[in-house]
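**Q** Kindly produce the complete structure, drawing on both the sequences and the hints.
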Amino acid sequence: MDLILPEFGLLFWMALVFICLLFVLTKFIWKPILSSVNEREQKISESLELAVKTQAEMKAMQAANENLLKEAKAERDAIVKDAKETATKMIEDAKVVAKSEAEKVISAARQAIETEKGAAIAELKTQVAAFSIEIAEKIVRGELSSDDKQKALAEKLATDINLN
Amino acid sequence: MTHIMAPKKIMKSLILALFAIFLVHFANASSSAGQHEGKSEEKEFDVNGMIMHHIKDAHEWHLWGPEHGGTSIYLPIILIDGGLKTFSSSHFYHGSIVAVKDHKTGLDVEFIAGAGPAEGYGLFHEKIYKLNEGKLSIEDGHVHGNIKVLDFSITKNVLSLFFGAIFILIIMSSVARFYKKNGAVAPKGLAKFLEPLIVMVRDDVAKSNIGEHKYKKYVPYLLTIFFFIFFNNLLGLVPILPGGANLTGNISITLFLAICTLVVTLASSNKNYWKHIFATPGVPVALLPIMIPIELVGILTKPFALMIRLFANMTAGHIIVLALVSIIFINKNAAWGALSVPMALFISVLELLVAFLQAYLFAMLSALFIGGAVEESHH
Amino acid sequence: MYGSIAAIGAGLAVLGAGLGIGRIGGSAMDAIARQPEASGKITTTMIIAAALIEGVALFGVVVGLLGGAK
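Protein chains in written order, with my numbering: chain A, 1 to 164; chain B, 1 to 379; chain C, 1 to 70.
Derived by calculation from the structure, the hints in this document are not laboratory data. Note that beta-carbon positions come from the ideal geometry of N, C-alpha and C, so glycine has one too. Among the clues, some could well be false.
Okay, the calculated beta carbon distance ranges per label pair [to be verified]:
hint : chain 1 : residue 1 : chain 2 : residue 2 : range
1    : C       : I8        : B       : G82       : 46 to 56 Å
2    : C       : S4        : B       : D102      : 16 to 26 Å
3    : A       : F8        : B       : G298      : 25 to 35 Å
4    : C       : T43       : B       : L288      : 31 to 41 Å
5    : A       : I44       : B       : L288      : 48 to 58 Å
6    : C       : V14       : B       : G106      : 33 to 43 Å
7    : A       : F8        : B       : F45       : 25 to 35 Å
8    : C       : V14       : B       : N132      : 37 to 47 Å
9    : C       : T43       : A       : L5        : 32 to 42 Å
10   : C       : I48       : B       : G82       : 45 to 55 Å
Below, computed lysine to aspartate or glutamate pairings styled on EDC-like, alpha-carbon distance capped at 20 Å [what the hints assert, rightly or not]:
hint : chain 1 : residue 1 : chain 2 : residue 2
11   : B       : K217      : A       : E39
12   : B       : K148      : A       : D2
13   : A       : K31       : B       : D204
14   : A       : K27       : B       : E195
15   : C       : K41       : B       : D204
16   : B       : K104      : A       : D2
17   : B       : K188      : A       : E39
18   : B       : K135      : B       : D108
19   : B       : K217      : A       : E41
20   : B       : K181      : A       : E39
21   : B       : K181      : A       : E41
22   : A       : K31       : B       : D203
23   : A       : K31       : B       : E195
24   : B       : K207      : A       : E41
**A** Structure (structure tokens):
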């Protein structure tokens, strides 16, 4: 039975020791330990927050960079396209000018050729006429050497004229 | 490397030597008991008596050898009996064993009559009584008629209490010094081992049971309770000198701890707590005459259960280990050690778990009760 | 004689506590298997419930001790 009956003396010593222990531990030991543990935890959580923030900032910066790059690319593309267009236009224009010029030259040449040709033909015609008159003179001389022949020719010419 | 190893080696051999001495004396004690057996045949090995002797408080710290006449440390006795009287308990243990007849059962009962400065006092079951003409009158195993003196002696448990408090102070102050010196850095050494426990008490015990806003005030109390019980439980498992007392398995100690929790609970109780006791919400008025006494008793049964739980757990653990070791002496054959030693070892390892678990539970349930007392109504 | 009756009483107390703690452990395992992420909370609650039952069993042990030690 005395196993579960509290002993007054022991109770007294226990009260003394425990209250002293509670006081000393609370004042000199738990306080610094808990405060530094808390401080460290705060530090860790702050650092974590900072890390998350920095990460977000990095991401934002990266996105901005990408945007900038994209814009630059688009601008470059536009410039290149413009240049290409201008070039083709210039080529086209040059082509058109050249064509018209060439046509002009060709038509001028043709005209010149025509005139030359006309001149040549006219020359030829006069030459041929001169030749034929000469030939005709010769033939006529030959033909008109006798009366008979003069008579026949006259007749023939007469028929020819009639025919004409 | 060798100069670092050397102290470790010395420590190791020292511990081994101590253990060997302990074993040899234990064996001697049993063999001398055996010889005694040969002389008076009917004297059996008294398991019950041995176990009760070990789990109860004593005025000596018995180291080895037979119960009377073995080697012990005699602790000072402090009595208040018409003034303060202090003397060594050796005056009892070296006093004379007197046998008186039990008035009821008629059996012979032995008590120790003090000698020298202890003259006039008798030690019966480790309690000090004033003798009437050198005699104790005993009825049915209990003392009747003799005055029990106010005994403030430094008993085995009181000394163990001092040891425990000193251990806690030394270890915890070294941890605190680490933090003071290094500030808020990652813990090293002892702090690394103890910090998880401290954080566990703060977060799992205090914060989750008392509540986010109010727990801070109670953390020092819960930490003190936890480490006091934990360290003393572990100290109780050590079989040699600084340990060996069944401190946390003593009803006075657990009673005081339970009273502390009760006081803290009542001191921090708010209106809502008392409202729940005297006018439990949702209970019809007709039932209140039954509910109020139940709730009032409930205030006391909670710490009472705390007291009994710790006391019975630690005492039961000590009893089981001692009973298993006793198998050898009951059978008077060392070969039984092959059975009893592994079993005792198993129980001892289990007791390590129990030592932690009981400390955790005491702190946890204390926090739960405090949490119930400071809870605001949220209906 | 007192001792043996007390031993029977302690044995009965242990029987009840064993059943109770066994059920708690089983249910806690079920719960953890269903919700492994809540295992910490379940374990804490389980230990508290087991301790409460163990407390009742220990009342039996104490009564047994009283009977045994007289």
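**Q** Which hint numbers doesn't this structure obey?
**A** none
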